[in-house]
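For reference, the chains in residue letters:
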Amino acid sequence: MIETIVPNPTESDEPSVVDGPAKMSARKVGVFYGEKQALKDVSVDIHDDKVTAFIGPSGCGKSTFLRCLNRMNDTIAGARVVGDIELDGDDIYASRMDVVQLRARVGMVFQKPNPFPKSIYENVAYGPRIHGLAEKKDDLDGIVEKSLKRAGLWEEVKDRLQESGTALSGGQQQRLCIARAIAVDPEVILMDEPCSALDPIATAKIEELIHELRGRYAIAIVTHNMQQAARVSQRTAFFHLGEMVEYGRTKDIFTNPVQQRTQDYITGRYG
Amino acid sequence: MTLSIALVAVLLLAFAAGLFARRRAVGLRGGGARLNSLPGYHAFYVALWAALPALLLLAIWTPVQTGLIEQSVLSSPVGQKLPAFDLARDTILTEAREIAAGDREAGFNAESSELAPIYDAATSRYAAVGGSIAIVFALLGAFLSMRRIGVDFRARSSVERWVMGLLVAASLIAILTTLGIVLSLLFESLRFFQQVPITEFLFGTTWSPQTAIRADQAGSSGAFGSIPLFWGTAFIGAIIAMIVAIPLGLMSAIFLTQYSPPKLRAWLKPMLEILAGVPTVVYGYFAALTVAPVIRDFGIAIGVSSASSESALAAGLVMGIMIIPFVSSMADDSIAAVPQAMRDGSLALGATKSETIKKVLLPAALPGVVGGVLLAVSRAIGETMIVVMAAGLAANMTINPFESVTTVTTQIVQLLTGDQEFDSAKTLAAFALGLLLFVITLILNLIALRVVRKYREAYE
Chain V
1 MIETIVPNPT ESDEPSVVDG PAKMSARKVG VFYGEKQALK DVSVDIHDDK VTAFIGPSGC
61 GKSTFLRCLN RMNDTIAGAR VVGDIELDGD DIYASRMDVV QLRARVGMVF QKPNPFPKSI
121 YENVAYGPRI HGLAEKKDDL DGIVEKSLKR AGLWEEVKDR LQESGTALSG GQQQRLCIAR
181 AIAVDPEVIL MDEPCSALDP IATAKIEELI HELRGRYAIA IVTHNMQQAA RVSQRTAFFH
241 LGEMVEYGRT KDIFTNPVQQ RTQDYITGRY G
Chain A
1 MTLSIALVAV LLLAFAAGLF ARRRAVGLRG GGARLNSLPG YHAFYVALWA ALPALLLLAI
61 WTPVQTGLIE QSVLSSPVGQ KLPAFDLARD TILTEAREIA AGDREAGFNA ESSELAPIYD
121 AATSRYAAVG GSIAIVFALL GAFLSMRRIG VDFRARSSVE RWVMGLLVAA SLIAILTTLG
181 IVLSLLFESL RFFQQVPITE FLFGTTWSPQ TAIRADQAGS SGAFGSIPLF WGTAFIGAII
241 AMIVAIPLGL MSAIFLTQYS PPKLRAWLKP MLEILAGVPT VVYGYFAALT VAPVIRDFGI
301 AIGVSSASSE SALAAGLVMG IMIIPFVSSM ADDSIAAVPQ AMRDGSLALG ATKSETIKKV
361 LLPAALPGVV GGVLLAVSRA IGETMIVVMA AGLAANMTIN PFESVTTVTT QIVQLLTGDQ
421 EFDSAKTLAA FALGLLLFVI TLILNLIALR VVRKYREAYE
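In the order they appear, the protein sequences are chains V and A. The numbering used here numbers the first residue of the first sequence as 1 and each following residue consecutively. The numbering used here numbers the first residue of the second sequence as 1 and each following residue consecutively.
What the hints contain is simulated information worked out from the structure, not anything from laboratory work. The structure displayed is predicted, hence computed values, not measured ones. Heads up, the beta-carbon is just placed ideally off N, CA and C, and yes, glycines get one too. Among the hints, a few may not be true.
Said to hold, decoys possible - DSS-like cross-link-like pairs, simulated, lysine-lysine; straight-line CA separation at most 27 Å: (1) K263(A) - K158(V); (2) K263(A) - K358(A); (3) K112(V) - K149(V); (4) K359(A) - K149(V); (5) K263(A) - K136(V).
To be verified - If the Cβ cut is set under 8 Å, some of the chain V residues that face chain A in the computed set are: (6) G20; (7) Y93; (8) R96; (9) V100; (10) I130; (11) R160; (12) Q162.
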């Protein structure tokens, strides 16, 4: 199936100047699971005011790379990361980098909504409590309200904050997870196929939300849906078989890719 | 003797019929037909029909035969001269049977030797009758079922039904046995409650189980208030043992699931489970010989004058150790059942490992842990050997763990050991205690299972 994919119109509003310094930059990143190399030679920049999409067929390593950016791969036994990843110029794999602080600055939203089996309020308040962001109950209430508002969920849940987060619909749960990530006031938000478990309407809401969050947070999103990447992102990296094939402006990747493999993928010849 | 021959004959017959049926079914297939069921099912079907009705008949016949033999022996000329008194007559009959079976040379009663040949004859006669009927049943079953063998015969679904019936019967046996246990306890308990009011038993606070032989003897009045016993049981099994088992079991489960490297876990987990396999009598020795003296000395050293060498603490501590594997394996299962996504969600927010365990994993696993603890409590309060060896006999209501308390199971053992009248309140009290204990552990188990099931639903 060959479709014409129209890149995000906001892209054309941007002056085509060279990007400023990146919020996060990865250089020659590789990941090993034991002896097996799952990912090699990835060099990508993530910018403050832009959404960066990672696309590619299943098993291409895009999620693996995303999990390197907040060191979630640390939890997998036998995983090893090589290369450099910097956040504001600091190596995040350096020994003096506190992984707890890193994850507070680089939040993550997962493929399947994973609210805790606690109330809506407690789900959002979890992060601020752990990091001591609120001294008083009023401050915490404020953070919860602000986060839920930013995640576009406040109007739907403001009267039932004490109900269980797991009782919400799938789309609401995912927005709750976004609110939970926002509540610790991160600088970067990583999203790992955040819409793959959702229906089209819930997906549209999340995409709208990503638009609104852009500018406030640097966002990196993994998606297997090329239309979604074209709709929400300004930068796109194409991954294939554990390699990063091409990285550039979304408009260029979708209309005028340099690599033949990228061309083949976005025109639906494989993947 | 002949009945066992009949039994073997029926089984052989069934086997042969099965083989024959199989050959016939194979023969049908040889004719080019496509059988509805494999020949093996036909064989099984015929063998079942040959064996089961005949075996059922034998099972019914065996007790019937005993009665018939006795009747015919008693109606014989020698038999009619036997004393009418049940006990004397039964003794002679038993001796006669044993002589007939060749288990003894001669009886104490002269009549038994005379009766033996009659007994022998009657036995062979009735066994021959029963055996022949069984064999006829087997032949009939084999013959009738054999006629049904054909291309279209659904032997497979018939065999399936038989198999299901077999499985239902197997599970019924366990349930019926439980029911039987409850009933036997219940009837003895009812006899007890005819002698001692149920309110005194349930709410009385004095336990002094004795019944007077003469009205004027010392200590002629007994008291059957069970509260001190249940207090002792709860103190040892539900309080002291759990204070030991819950933290240790929970923490070892957390270590095993969250911190331990897989290789270490592969070693530690089976070793912990070995604890569950140690016979409780061994724990009893350990409690009585090693732990109890240490605790008594410690109690005296810190100035507890009433420190006993049969302290509640000794029994409770050792029981707690025994219970650790139950708590830890239930906690292990429920922590492992919390989805990885929960852990990831918490870690991705910048929570540390222990924060994640404390605030996400444990609350999510709590119902499973509670279920495990309740099961452990119900096991601890029903446990007998440790408390018989290490806990005392005095029915004290004390909260001093250095003092001696007694438990329900200890008292049951006390009441039933030795020569006892079986209709005195003292002996019957053991059944009432057993019944009450059974009801309590049953309720605990039911609650635990409900809690655990509810928790399972939460993640499915």
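The hints, checked one at a time:
{"no.": "1", "hint": "K263(A) - K158(V)", "result": "48 Å, violated"}
{"no.": "2", "hint": "K263(A) - K358(A)", "result": "25 Å, holds"}
{"no.": "3", "hint": "K112(V) - K149(V)", "result": "21 Å, holds"}
{"no.": "4", "hint": "K359(A) - K149(V)", "result": "25 Å, holds"}
{"no.": "5", "hint": "K263(A) - K136(V)", "result": "45 Å, violated"}
{"no.": "6", "hint": "G20", "result": "27 Å, violated"}
{"no.": "7", "hint": "Y93", "result": "17 Å, violated"}
{"no.": "8", "hint": "R96", "result": "17 Å, violated"}
{"no.": "9", "hint": "V100", "result": "5 Å, holds"}
{"no.": "10", "hint": "I130", "result": "5 Å, holds"}
{"no.": "11", "hint": "R160", "result": "19 Å, violated"}
{"no.": "12", "hint": "Q162", "result": "16 Å, violated"}
Of the numbered hints given earlier, the model fails hints 1, 5, 6, 7, 8, 11 and 12; all others are met.
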